[in-house]
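Colleague: Given next are the chains, with one letter for each unit.
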Amino acid sequence: MSVIEINNLTKYYGKSRGIIDVSFNVEAGEIFGFIGPNGAGKSTTIRTLLGLIKPTSGEALIFGKDCFTEGKEILKDVGYLPSEVFYYEGMKVIDLLKYSASFYKKDCSRRIYELAEIMDLDLNKRVEELSFGNKKKVGIVQGLLHEPKLIILDEPTSGLDPLMQQKFFELIRQENQKGVTVFFSSHILSEVQKLCNRVGIIKEGRIVKIETIENLRSENYKRIIVETDTVLSHDYFNIEGVSDFTTNNHTYSFLYKGDINLIIKKISSLNIKNITIHEPDLEEIFMHYYEKGE
Amino acid sequence: MNVYLHELKQYRKFTLIWVLSLCLLIILLMMMYPTIEQDAESFLKLLENYPEELRYALGMYIENITSVLGFCAFIFSFTMLLTTIQAMIVGVNIMTKEVREKTADFLLTKPISRKALIIYKILASLTVFIITNIFIYLVSLISIKLMSKTTFDVGLFTQIAFSLLLTQLLFFTLGLFISLVLKKVKSPLGISLGVVLLLYALSTLLVKEHNDVTRYLTLYKYFEPNFIFMKNGYDVPFIIIGMIIVTLLFILSLAIYDKKDISV
Numbered sequence: 051m052s053v054i055e056i057n058n059l060t061k062y063y064g065k066s067r068g069i070i071d072v073s074f075n076v077e078a079g080e081i082f083g084f085i086g087p088n089g090a091g092k093s094t095t096i097r098t099l100l101g102l103i104k105p106t107s108g109e110a111l112i113f114g115k116d117c118f119t120e121g122k123e124i125l126k127d128v129g130y131l132p133s134e135v136f137y138y139e140g141m142k143v144i145d146l147l148k149y150s151a152s153f154y155k156k157d158c159s160r161r162i163y164e165l166a167e168i169m170d171l172d173l174n175k176r177v178e179e180l181s182f183g184n185k186k187k188v189g190i191v192q193g194l195l196h197e198p199k200l201i202i203l204d205e206p207t208s209g210l211d212p213l214m215q216q217k218f219f220e221l222i223r224q225e226n227q228k229g230v231t232v233f234f235s236s237h238i239l240s241e242v243q244k245l246c247n248r249v250g251i252i253k254e255g256r257i258v259k260i261e262t263i264e265n266l267r268s269e270n271y272k273r274i275i276v277e278t279d280t281v282l283s284h285d286y287f288n289i290e291g292v293s294d295f296t297t298n299n300h301t302y303s304f305l306y307k308g309d310i311n312l313i314i315k316k317i318s319s320l321n322i323k324n325i326t327i328h329e330p331d332l333e334e335i336f337m338h339y340y341e342k343g344e
Numbered sequence: 018m019n020v021y022l023h024e025l026k027q028y029r030k031f032t033l034i035w036v037l038s039l040c041l042l043i044i045l046l047m048m049m050y051p052t053i054e055q056d057a058e059s060f061l062k063l064l065e066n067y068p069e070e071l072r073y074a075l076g077m078y079i080e081n082i083t084s085v086l087g088f089c090a091f092i093f094s095f096t097m098l099l100t101t102i103q104a105m106i107v108g109v110n111i112m113t114k115e116v117r118e119k120t121a122d123f124l125l126t127k128p129i130s131r132k133a134l135i136i137y138k139i140l141a142s143l144t145v146f147i148i149t150n151i152f153i154y155l156v157s158l159i160s161i162k163l164m165s166k167t168t169f170d171v172g173l174f175t176q177i178a179f180s181l182l183l184t185q186l187l188f189f190t191l192g193l194f195i196s197l198v199l200k201k202v203k204s205p206l207g208i209s210l211g212v213v214l215l216l217y218a219l220s221t222l223l224v225k226e227h228n229d230v231t232r233y234l235t236l237y238k239y240f241e242p243n244f245i246f247m248k249n250g251y252d253v254p255f256i257i258i259g260m261i262i263v264t265l266l267f268i269l270s271l272a273i274y275d276k277k278d279i280s281v
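These protein sequences, in sequence, are chains A and B.
So the number in my numbering is just where the residue sits in the first sequence, counting from 1, plus 50.
So the number in my numbering is just where the residue sits in the second sequence, counting from 1, plus 17.
No lab work stands behind these hints, which were simulated from the structure alone.
The beta-carbon is built from N, C-alpha and C at its ideal position, and this holds for glycine as well.
Hints are supplied without guarantee of correctness; some may be wrong.
As the list claims (entries may be wrong) - Take a look, some chain A residues computed to stay more than 12 angstroms from chain B by CB distance: (1) Ile70; (2) Arg97; (3) Ser159; (4) Glu164; (5) Ala166; (6) Gln224; (7) Tyr286; (8) Phe287; (9) Asn288; (10) Thr297; (11) Ile310; (12) Asn321.
Said to hold, decoys possible - Straight-line distance between alpha carbons at most 30 angstroms, and here's what the computed BS3-like set of lysine-lysine pairs gives: (13) Lys156(A) / Lys122(A); (14) Lys185(A) / Lys132(B); (15) Lys228(A) / Lys122(A); (16) Lys115(A) / Lys276(B); (17) Lys203(B) / Lys132(B); (18) Lys203(B) / Lys155(A); (19) Lys156(A) / Lys217(A); (20) Lys225(B) / Lys104(A); (21) Lys175(A) / Lys156(A); (22) Lys132(B) / Lys65(A); (23) Lys132(B) / Lys156(A); (24) Lys119(B) / Lys122(A); (25) Lys201(B) / Lys126(A); (26) Lys119(B) / Lys217(A); (27) Lys203(B) / Lys185(A).
Excised from the complex, chain A in its bound form (with noise of 0.2 angstroms):
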């Protein structure tokens, strides 16, 4: 069953573009990984599925229902960590909570003190006294307290240090080994690389690509450095499935798709000095799709 559906969902803001004919689903039980560089529309996208904007065309369902008519019912069951948290000031971190949890229908009190535990958290101190990492706790801690069957994430290690970091994963870990849906928007690489099963790659306000992680790696790129003797024409590596060339001194660098045995006998025409063949990481793929515009 799908948590998350989104057919061509298309938001402009007057005339300036947010997302155009968005579309893909999120599978109950996943982690979904939403990559895309700044000002690609990721935030429109979840701004969307919480009901905070009004699609221009095209729909958003969450559990089913309509994410901007029946917010109201879907929010029951949704945790949202923006990427950016501002809270009342003068309020004190236990009470700010506490009003997060009054929204919800059942006790929250003593998930609040075992995430506050977890994330190492002073709930007696007032916002205003917190520091840009410690307000990101309370909003991890303010979006998980209703133990929620869906989780918003829009940025979300931003302002952590590395071992609470770690923490928050294997927080979301835990979470969805219980069954719980993770949507987790990101421009770092590594970190969906980490947690996430499929990733959605938003730019310039389109899909441009939804593929497993497995799949993403595994479409047999290759990164292949070599290092010659003389010079080598401009073009000689100029064939299909090459992409990402560069060249300094000697040395040759590219991507590589595509039938391994022709790259192969053309290298071995060559007199070459040195050679390396690996697998690219996710973020030279990435960065292959963002550049290419495809």
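Chain A is already provided as a structure; the job is to place chain B on it using the hints.
Modeller: Frame of chain A; chain B shown alone:
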């Protein structure tokens, strides 16, 4: 209910400051009354030297001001300028503050409908106004009893005092409506003061007597304390039109907020 209580808490300091300063102002103005009562004639002579426009602008009606309730009407019509500012500030603020202080993302991602949210916030605001008015009522009633030996009709006094709350309702819903029509409210105080002072200035220019047709155009004179005193009560048409305006602005605000994009 949780939103209502939270809002009330948020307005605690604001209400306290407004109540204190309004009460202080009323007590100070009331202290002028004993001399006016004793020497009404020379006071009236002094007033007559001022241009008529200025007297109207300050809510001083020569035929009213030397009697106890007439003097109260003058004080209330002056206080009205301030209580409408209070109402307008709250009206402009209640929804836009969440966006300005970026707490909207917190509040609007909770399982509560936007309609319920705005209604709880309106109820909290009304509570603030009612509290303010109870204090104004008691303080002015007690101080006028202390300042004057003449007996007066407490019923009429109550009606005159009630005009403040009614006018606040008009300006509160107006402020709410304006704040939601605008794309972004950067300075709620600026908007509130601007609108209030403009309407106040217009009302003093346009309306002198209670039967001026222009009275329909200026929210300020719908429940003008001096007119209530002179006519021994309210003008029913203005109560009806006033309530229609309030209801209309309320419904429109609700409809606009229901569809509004909450952007960062």
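Colleague: Could you run down the list of hints and mark each one as holding or not?
Modeller: Hints, one by one, checked against the model:
{"no.": "1", "hint": "Ile70", "verdict": "holds, 17 angstroms"}
{"no.": "2", "hint": "Arg97", "verdict": "violated, 7 angstroms"}
{"no.": "3", "hint": "Ser159", "verdict": "holds, 15 angstroms"}
{"no.": "4", "hint": "Glu164", "verdict": "holds, 21 angstroms"}
{"no.": "5", "hint": "Ala166", "verdict": "holds, 17 angstroms"}
{"no.": "6", "hint": "Gln224", "verdict": "holds, 22 angstroms"}
{"no.": "7", "hint": "Tyr286", "verdict": "holds, 50 angstroms"}
{"no.": "8", "hint": "Phe287", "verdict": "holds, 45 angstroms"}
{"no.": "9", "hint": "Asn288", "verdict": "holds, 45 angstroms"}
{"no.": "10", "hint": "Thr297", "verdict": "holds, 43 angstroms"}
{"no.": "11", "hint": "Ile310", "verdict": "holds, 48 angstroms"}
{"no.": "12", "hint": "Asn321", "verdict": "holds, 58 angstroms"}
{"no.": "13", "hint": "Lys156(A) / Lys122(A)", "verdict": "holds, 16 angstroms"}
{"no.": "14", "hint": "Lys185(A) / Lys132(B)", "verdict": "holds, 29 angstroms"}
{"no.": "15", "hint": "Lys228(A) / Lys122(A)", "verdict": "holds, 24 angstroms"}
{"no.": "16", "hint": "Lys115(A) / Lys276(B)", "verdict": "holds, 17 angstroms"}
{"no.": "17", "hint": "Lys203(B) / Lys132(B)", "verdict": "holds, 24 angstroms"}
{"no.": "18", "hint": "Lys203(B) / Lys155(A)", "verdict": "violated, 35 angstroms"}
{"no.": "19", "hint": "Lys156(A) / Lys217(A)", "verdict": "holds, 26 angstroms"}
{"no.": "20", "hint": "Lys225(B) / Lys104(A)", "verdict": "violated, 48 angstroms"}
{"no.": "21", "hint": "Lys175(A) / Lys156(A)", "verdict": "holds, 25 angstroms"}
{"no.": "22", "hint": "Lys132(B) / Lys65(A)", "verdict": "holds, 28 angstroms"}
{"no.": "23", "hint": "Lys132(B) / Lys156(A)", "verdict": "holds, 22 angstroms"}
{"no.": "24", "hint": "Lys119(B) / Lys122(A)", "verdict": "holds, 20 angstroms"}
{"no.": "25", "hint": "Lys201(B) / Lys126(A)", "verdict": "holds, 29 angstroms"}
{"no.": "26", "hint": "Lys119(B) / Lys217(A)", "verdict": "holds, 27 angstroms"}
{"no.": "27", "hint": "Lys203(B) / Lys185(A)", "verdict": "holds, 25 angstroms"}
The structure does not agree with the numbered hints 2, 18 and 20 stated previously, though it agrees with the rest.
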